[in-house]
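Student: What follows is the residue order along each chain.
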Amino acid sequence: MAKITFITADNEEVIVEGTQGSVMELAVQNNIKGIDGDCGGVCSCATCHVHVNESDFEKVGEPSEIEADMLELEDEVSEYSRLCCQIKVSDAIDGITLKVIEE
Amino acid sequence: MSENKSCVVIGASHAGVNFAFSLRKAGWKGEIHLFDSDPVLPYHRPPLSKAYLTSDNPIESNALKSQEAYNLAEIKLNLGVKVTALDKDSKIASLNNGTSQAYDKLVIATGASPIIPPIPGIESAQHLYPLRTAKDVTNIKSAMQTISEKRVVIIGAGYIGLETAASLKKLGATVTILEREERILQRVTSPVMSEFFQKLHTDHDVDVLTSKNVSAIETSDGVNTVKCADGSEYTADIIIVGVGVRVNSKLAESIGVTIENGIKVDETTETNVESVYAIGDCSFHYNPRYDRFIRLESVQNAVDQAKVTAAAICDKSPVYDTIPWFWSDQYDIKLQMVGLSEGYTDIVVRQEEGEETKFSVWYFKDKELLAVDAVNNAKAYVIGTKFIKKPSIVDKEQLKDPSVLLKPANLLKK
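Residue numbers (our numbering), protein chains in the order written: chain A, 35 to 137; chain B, 51 to 464.
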């Protein structure tokens, strides 16, 4: 199980728990503002952009080549950017904090 | 003010659902009533022919929004309820449950329905399905589980047909695709892309046959024989029909809305009837970038139009002006498309070095970049998107040369 903290664009902190699927799916199930996931989670739309808390980035890992390229469509891309449809919910990411980036 | 007003949305798929949420976000204080005859909590459609078809996940894992999200946004979601008639003067929608709903604003997001062509015998064929709804996929999955032979014939080699072929192949079917035109994807892409996908499917042991006009289907003992005009015959335990869609425009038509190739709307998505809007697959709209009226069957169009309509209803003055984009996933191939290639005069194919299945096709009208199809190459897709959004003169020689790194600065005409 993983406990994940989302910080939305209006600085609201929401803590959610999940065991499976992607972080995007978990966010949508929990109505996290700013995570749309328009393409349904196949790394095609870049509407689930988050900045991973710096100290949590190692747990989450680097984006794949396709994901890194898609992130270039985003204005607020940083070295800690990820598309959260590409992050799997698992014990390994328990306790991470993600800042939601709304375009 | 919108406090005591009511907005009725017909159709709760990508366009209708995104519109309802966008409307609330844009500040609408009145009621929002969302209707769909599909009883399932609104879901993502693109995965239906792809990941959802091959996985055991429940449809809920594909939901566009949670049920709670509708409650929180005070959107009244009426599933399994069909709007049967509209009264233009009194602004009332009649429903199939015997009740009705008044509206001040009406949004038609009725989408389109799969065409079932009038082929002799098609009505008595066994296990013949279109692929548009969750129920269609449930039917296909259940047929795949109960039938041991799993000989599948797919009529129509558009994206739905090809994606379904890839998915059913993965599930162990023997797949034959019958396409009426001379090449697959003829209506939607260039010969170079058609050729690539023809080979891709052939390499995966799918029979892709073109110039095959299905003329009859005969069924006995639960097994279908699909007959073509050239005399050839194909045995099918399951038949998938993917030959295109017809816009659901009857309700719009009944209140005097102009129908052309879909429901005609202006740049704010409003129809010729005041306070009536049409969005998503059913809307026939003007695209300023390509300077023509178009109809698009895509998530991008549904979501972006939804936002425009919401802004228009809340008295902002939006204009629908976006660059269309699409995607398709088949086997381990990710195709991403941006722009509209129709009318191109010139194609540049860029093949990345040492990677057979990583390339991009760039469509130009003389100097102007119209569209890019990128195969396993998100970088090309992203650069193409940027170049189309901010018109740029591309150096075609540089672009063509795989030893030139794929970076915007390297590709612009000096």
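Treat the hints with care, as some may be off.
With a Cα cut of at most 16 Å, we get these calculated EDC-like pairs of lysine to aspartate or glutamate [to be verified]:
no., chain 1, residue 1, chain 2, residue 2
1, B, 429, A, 51
2, A, 133, A, 47
3, B, 408, A, 99
4, B, 436, B, 371
5, B, 141, B, 365
6, B, 439, A, 51
7, B, 75, A, 137
8, B, 249, B, 406
9, B, 439, A, 106
10, B, 439, B, 371
11, B, 436, A, 47
Read the hints as simulated data drawn from the structure, not as lab findings. All figures in this text were calculated on a predicted structure; none of them were measured in a lab.
Student: So, for every hint listed, does it hold in this structure?
Tutor: Now the hints, each set against the structure:
Between residue 429 of chain B and residue 51 of chain A the CA atoms are separated by roughly 34 Å; this puts the pair beyond 16 Å, and the hint is violated. Distance hint between residue 133 of chain A and residue 47 of chain A is fulfilled; the C-alpha atoms sit about 9 Å from each other, no more than 16 Å. The suggested pairing of residue 408 of chain B with residue 99 of chain A holds, with an alpha-carbon distance near 13 Å, which does not exceed 16 Å. Restraint check: the Cα-Cα separation between residue 436 of chain B and residue 371 of chain B comes to about 15 Å, which is no more than 16 Å; the hinted pair holds.
Simply put, residue 141 of chain B and residue 365 of chain B have alpha-carbon atoms about 20 Å apart, too far for the 16 Å limit, and the pair is violated. For the hint linking residue 439 of chain B to residue 51 of chain A, the alpha-carbon distance of about 39 Å lies beyond 16 Å, and the restraint is violated. For the hint pairing residue 75 of chain B with residue 137 of chain A, the CA-to-CA distance comes to about 15 Å; that is within 16 Å, so the pair holds. A threshold of 16 Å between alpha carbons decides the hint, and for residue 249 of chain B with residue 406 of chain B the separation of about 12 Å falls inside it, so the pair holds.
Restraint check for residue 439 of chain B and residue 106 of chain A: satisfied, since their Cα atoms lie roughly 14 Å apart, inside the 16 Å limit. About 10 Å separates the Cα atoms of residue 439 of chain B and residue 371 of chain B, which keeps this hinted pair within 16 Å; it holds. Of the pairs offered as hints, the one joining residue 436 of chain B and residue 47 of chain A is violated, with about 34 Å between alpha carbons and a cut-off of 16 Å exceeded.
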